[in-house]
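Those protein sequence lines, which keep their order, are chains A and B.
So for the first sequence, UniProt numbering puts the first residue at 1; every next one is plus one.
So for the second sequence, UniProt numbering puts the first residue at 1; every next one is plus one.
In case anyone wonders, no lab produced these hints; they're calculated from the structure.
Positions of the beta carbon are idealized from the N, C-alpha and C atoms, including for glycine.
Take these hints with a grain of salt, some might be off.
[Said to hold, decoys possible] Rough simulated footprint, nothing fancy, chain A against chain B, three-plus residues with beta-carbon under 8 Å:
(1) 66-77
(2) 242-249
(3) 252-262
(4) 294-300
(5) 317-330
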Amino acid sequence: MKKSQREAQDGSRRVGRRGLLLGGIQLGVVTTLALRLRSMQLEHAEEYRLLADGNSIKIRLLPPARGLIHDRNGLVIAGNEQNYRVSLTREEAGGDVAPVLRHLSTLVPISDERMAELLEEFSKRSAITPIILADRLTWEQFGSIAVNAPALRGVTPESGLSRVYPRAGDLAHVMGYVGPVSDYDLSKIEDPDPVLMLPEFQLGKVGVEAKLEPVLRGKAGARRVEVNSAGREMRELSRQEGEQGATVQLTIDAQLQNYAAQRLGEESAAAVVMDTQTGDLLSICSSPSFDPNKFVRGISTTDYRALTEHDHRPLADKTVQGVYPPGSTFKMVTLLAGLESGVINGGSRFYCPGHTEVGGRRFHCWRRGGHGSMDALQSLQQSCDVYYYELAQRVGIDRIADMARRLGLGVRHDLPMSAVAEGIAPDRAWKRARYDQDWLIGDSLNASIGQGFVLASPLQLAVMTARIASGLDIKPRLVRSVDGVPEPIPAAQSLGLDDAILNQARAGMDAVMNSTRGTARRARILPDEWRMAGKTGTSQVRNITAAERARGVISNDQLPWNRRDHGLFVCYAPYQAPRYAVSVVVEHGGGGSTAAAPIARDIMLFALAGGLPPLDAVPSDQRGAMEARHSAMQLYTPDPPKPGRTRA
Amino acid sequence: MSYLDYNVTAAPTGFRKALYLNWPLVLLLSAVACIGFLMLYSVAGGDADIWAKPQIYRFAVGMAAMFALAFVPMWFWRGVSTISYVICLLLLIAVELIGDIGMGAQRWIEFGPFRLQPSELMKIALVLVLAAYYDWLPIKRVSRPLWVLTPVAMILLPTALVLKQPDLGTSIMLMAGGGIVMFAAGVSLWYFGAVIAAVVALVVAVLESRGTEWQLLKDYQFRRIDTFIDPSVDPLGAGYNITQAQIALGSGGWSGRGFMQGTQSRLNFLPEKHTDFIFTVLAEEFGFVGAISLLVLYALIIGFCLYSALTNRDRFGALLTIGISGTFFVYFAINMGMVMGLLPVVGSPLPLVSYGGTAMMILLMGFGMVQSAHVHRLR
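All chains should be modelled from the sequences, with the hints used to inform the complete structure.
Okay, structure coming up:
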């Protein structure tokens, strides 16, 4: 009995029923967990898998190698070089970059100014954005950073390609330069290529680099990388290399360009060499120049100020952007307009007493005593102004302006260069539109000798000369081939001028150089197979007042530099079978015959000879000076052309 | 009254006790711990030295402690239950006064080189004292109000102290552990119904208190609640953890992405991956197969403990077994529910798997007592 009572009591003391109930509840909870697992891992696994991949797989762009630029002989004039740099990510540096930067500055020089800039940039940018600390490191510096990597937390040494211009300043104005993409650049581009967002990407800023950007850029490659939650790369999953941009071959002859740059020297001047058959621009040289590599690397404020404050304006491209009164080089235009209209023929004569009176104003010839009776050939040979004053009154400005445009003046030539100037070939309509004034006869007289409203760039003067020489509407051309595919040479149309008419102007230009009374006889080329025809020009920068004239015109040498006349010269050669047209403008250089003609002659000789001008091609009294000039020049020796597409 | 009166002869003595240990339970615990080592090796990126090795040492020490405790006779544990509870309570007060600040919460007390977490000890001490209380309390008084309020006070006192640290996870664990012992002891279900009603009322009150002067929880606790309700509110802030945990878990699929191949865990998207979120690593790398296996192992541990309790005629031993295993159950249920998005995020490790010495030691000591109850059970 006692036992059964105890058993009963014992039974109620046991946890049986409640224990089973508890077990049931726990089983329920475990089942719930299992069902939840099943739902997430079996039914919705695909969705979560997508989310996980989206989390961890990122596409990183690989900047493409920029297309090379070759000269017409295959010399690399814009290449890419390996650039060693270090970047730092704040997140990887543990949040505080200052100690890392201090340590780094013991290995590579970082100025205090740069240090402050960097710290500010770090505070502005996201913690996972890599910021380039130092660029263009030497191999030794790069190595020392790699060795010290453990102490430089978050610093990543990396290498990439950077633009380099082996010819430095020679082609600066033609090719322009590349630079980092700015917010302003991006604001101008609709739907920018994502590759532009890469911090090290270089974008063409001016010149050919900017104009041919779409061709040169290439196609970005991509890497699929796995990143962690902080965005740091863990490993590369796949890699698709980008496509290098197309190799662009310019019509420029780098050696000729080099010679032209040396020949112009320190003058504020421009020279253009053009093929009279194809329109190929063999040289477009503006002086003084600048080193575009400095811009690629980020030019210092001091250097930049030196360039902008230089009174010879090195940054301006005087060949296509600069416009000048063409002066007497314009006389061919007026002459051809007169001959074509039938107002005169080659034998027509005008008398030059040294000046002419029109509308109560006196217009002077450059020779105060006058030239006497002049025909067409003599008017060019001796550059008589009065002949053209008389001619202009009879031909009228509209026909002169029309002829100017046919010869390529006052027309914008389509070149892949920055800010190609249109110049001005003035006529009645132009003056009405520009100044809302009637055309005056005095305007015609000024225009007839390339003064007054007339403005032309050295490029346009070269085009004009080439067209006179060939009788065809030659168009200037700068790109010879893209990716090995030659750019078509536009078929040149006849100017519609009879050879008989053109020959009058050609003979005049020949007489300028090769007759005893020619204004540029000193700059003639002796060998007959290279015989050169040309025309001098001197354009006034200031107005000569009556009072000054009464006192006697002060010679250029006594004037401050920036008030002296511009010297101009246009020419082509060989006279019998023209190949090249050259124009040279020397700002404030004085007369065209002394300042510009010898330079043009030397450049022409270089083009004709395919190398340094032979001394026996110039009059014997100039050979000594020429030899001295050549020995003072620092010319590049041409490297053998590199075959194929190399990453120079 | 109980143990000495009956079947003294039936109880094993000396080393013979080893034969009467609950060996399946030992094997199950070891299996779970091994999964833990594997996962700790994986989250360290294949480096055993970081987490796996220390964890193995601690497990070895913990197992030794378990065996040692298992050999201690049951009546000893009953005898020390009250005093251990009082000591733990005093330690909790001491932590409140002098404890170090760790992880934003006062949890540790330094004893020379030894770092003590009294709140962990309290989990066992509370179960001990409640089991002893209901062993002592005549059955007919179990549901009388006064005799119900006494254990409730014994539960709430340490809970309040832990909550003040503040450690929400442990305080929930204490309440759940105590509640389970009371439930098993046969306290009227009406009381539980009343408590559930009160909790619902409290939750409403807490949520209503937000932003007022008498705000009942800290802001971060409120944010955790927000995050639980809708993790997408702040996917990169407070909701980040839980969103990433669920992505890891779900992306595991049927068989997982392979050992050490989990992108979420290996690439640091997972927070606290070696502690509170380690289950997601398992689920990501071994998929449903791995995750359900661990769940089954846990369920079997509970099952064996429950079976041991049901067949134990000693009330103290049975209640102790149910209390310890119930605490263990709440541990993994909260952790898994949390990473699966069924429960709000509370700091709670996955028992025997998460990295952490104290929790593992305490759990194994608890299982040592369970083993003791098993070895010395009345048959």
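Against the structure, the hints:
{"no.": "1", "hint": "66-77", "verdict": "violated (count 0)"}
{"no.": "2", "hint": "242-249", "verdict": "holds (count 5)"}
{"no.": "3", "hint": "252-262", "verdict": "holds (count 3)"}
{"no.": "4", "hint": "294-300", "verdict": "holds (count 3)"}
{"no.": "5", "hint": "317-330", "verdict": "holds (count 5)"}
Violated hint: 1 only; the structure is consistent with all others.
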